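Residues per chain, in single letters:
Number of protein chains: 2
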Amino acid sequence: MKHITEDDIEDLALGAVVLGAGGGGDPWIAKIMLREAIRRHGPIPLVDPDELDPEGLVLSVGMVGAPTAIIEQFPNGDEVPRVLDSMAGLLGRPGAAVMPIEVGGMNTLFPLAAAAHAGLPCVDADAMRRAFPQIEMTLLTLAGHSVSPVALADVRGNDVIVQSVNNATAELFTRTNVMNMGMVAVLCAYPLATAEVASAAALGSVSYCLELGKRLRVVAESGTDDALEDFLGFADGREVFAGVVVDVERRTVDGFARGTVVLSHLDDPDRLLRIEIQNENLIAVEDGVPIVTVPDLITLLDTETSTPVTTEMLAYGQRLRVIGIAVHERWLEPDGLALTGPRAFGYDLDHIPVGGNS
Amino acid sequence: MKHITEDDIEDLALGAVVLGAGGGGDPWIAKIMLREAIRRHGPIPLVDPDELDPEGLVLSVGMVGAPTAIIEQFPNGDEVPRVLDSMAGLLGRPGAAVMPIEVGGMNTLFPLAAAAHAGLPCVDADAMRRAFPQIEMTLLTLAGHSVSPVALADVRGNDVIVQSVNNATAELFTRTNVMNMGMVAVLCAYPLATAEVASAAALGSVSYCLELGKRLRVVAESGTDDALEDFLGFADGREVFAGVVVDVERRTVDGFARGTVVLSHLDDPDRLLRIEIQNENLIAVEDGVPIVTVPDLITLLDTETSTPVTTEMLAYGQRLRVIGIAVHERWLEPDGLALTGPRAFGYDLDHIPVGGNS
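Those protein sequences? They're chains S and P, same order as listed.
In terms of this note's numbering, the first sequence opens at residue 1 and continues consecutively.
In terms of this note's numbering, the second sequence opens at residue 1 and continues consecutively.
Just chain S, with the same shape it has in the complex (with noise of 0.2 Å):
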């Protein structure tokens, strides 16, 4: 059986940044509750569906909300275990596994802290293969399964759970109950047994999400071309711009981070290529082209560092490569891109392919 042990914390916090695709928050709290986790509990037993049970209940958490707020308000630790309750509680049975609901951002490394502190394994697998802003925008959502019941806590002990009639409206109900929460929570949502979790979820999504880290590691230490093109070839990934940062803007609405960030091109400055953001990065367009579109990911590298940025962190004057990464094949199929593509986030665009998977 694998196991996450405190030596893999850099490279999986690297990885899901790539995988946020500039949101899910800044992993630095989720490092820290990650190693004060495994310190505590040991190292994280990291499964495979098909090691568990089939009927086991797998419980899929995430913090939620705007990374702009993650960023100021540290969750108390008592969040999980009442998500877990409340979970346990309703469906009258306790939890086999812990699984991320998402793998980008703090996503991968604080379901991972979660399922120590709960004295489970972690399912090797989430529900996206990336980060999306919205908790309806899962595989598991294609696979006809519901988001409810959610249960959300925030860090003033307030809790909430909602049992909504289809995933849309749960997403509604969520964000509003997250807004009134200061635009922070742990979330406990999409219950569901091992088996459906096997047929459903990104499989390997936790190891994928530690392999990225450990190329991209390589490439921060090396600093070498042929470094990057293996981490963009690991990726099925493509440079698609290189700039310096020339505009950011970015307000907190409706319980979303949005902005936009302009950045001119490094070698032709005349060249611009923007950015639209809802949380995360969700389309790149130069001169009216777009160039990289939701759901394929859209990961900002320092250019000197190659630290992946998250959109919080965005500031003017940071030289950035942009990265296109192909998303997990299942979201190109139509349902898939109907759920996550450019016109689900009102943008009259069709999806771009923007590698392999084209």
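Just so you know, the hints here were simulated from the structure itself, not pulled from any lab data.
It cannot be assumed that every hint is accurate.
To be verified - With the Cβ distance kept under 10 Å, some of the chain P side facing chain S (calculated, not the full set):
id	residue
1	L57
2	R82
3	S86
4	A88
5	G89
6	P149
7	D154
8	V162
9	Q163
10	V165
11	A170
12	L172
13	F173
14	T176
15	N177
16	N180
Bear in mind that the values here come from a model prediction, so they are computed numbers and not experimental data.
Cβ coordinates follow ideal geometry from the N, Cα and C atoms, glycine included.
Please arrange chain P on chain S, whose structure you already have, making use of the hints.
Then chain P, alone, in the frame of chain S:
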């Protein structure tokens, strides 16, 4: 043991609009629901708390939302079993009785119908002895009881449970979830033992509401000043103005029906009375001088028919008596006025006692 029968429905509805102080919703739908419930399940036992097991669980229920929306959305009938099941499931024990959370508007009749459908008696008490626009504005809050858990259900099938850290926060979460529910929901909250209800609630409220209605019906049928005097004496109320509606301004914002109505005096058109509304009529001001203030009740009666008029039924040209009614005396203690006095609604005014409670 007392029972509520079909013969009581019209009088209960009349009394409930008086105690609604303009709010709580028009009881028209609730009358239909209650009639149907009594025909199906028989007369509804109306019990004092001391007729029940002191440990028995009392489930306080009501319809919540903006009255302007309540008259547009009919409940589908399964909201009540859903909230009662949510609450009983959370607490791990069945309810022993239902209690109206408030006794105004549709919320005397609706909880009686809920009791009938649940096969439970209705406690002859409520948590306000009138209607208030916010869920934490109860005598139960004054007694230190928690509004949580709050169970909500809407007509489309969405269910929410809120467990909040304090009663003011419960109101915030309730309000925003009800907004997502189309401004109307069925609520069950303040789960208490019968003995706690006996010491904290307004006892006899349903009987009081029924008796108010009986006496108001005599006013309507006889049209005599004696009958009006008898009604006002029983209600501990007085007529403070009689005028014609010259302006109505109404808007549904933040989950509340807010508005202002202006009356011109029947005998002296230059005398203008302004009534400020937040679901309920809150303050009545003549020439800048407050005449009646919350928590005392401001009830409007049609001058011809003596029919009490709800806020959403207000219309230009209506001729109305403005009746100030003394509120339950517990509300006039300092903590009561802090929770429901004019300042609790943002008016920089002290409470002005209207009746014998001064």
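Here is how each hint holds up against the structure:
no., hint, in the structure
1, L57, "violated, 18 Å"
2, R82, "holds, 9 Å"
3, S86, "holds, 8 Å"
4, A88, "violated, 13 Å"
5, G89, "holds, 8 Å"
6, P149, "holds, 9 Å"
7, D154, "holds, 9 Å"
8, V162, "holds, 5 Å"
9, Q163, "holds, 4 Å"
10, V165, "holds, 4 Å"
11, A170, "holds, 9 Å"
12, L172, "holds, 6 Å"
13, F173, "holds, 6 Å"
14, T176, "holds, 5 Å"
15, N177, "holds, 7 Å"
16, N180, "holds, 5 Å"
The structure does not agree with the numbered hints 1 and 4 stated previously, though it agrees with the rest.
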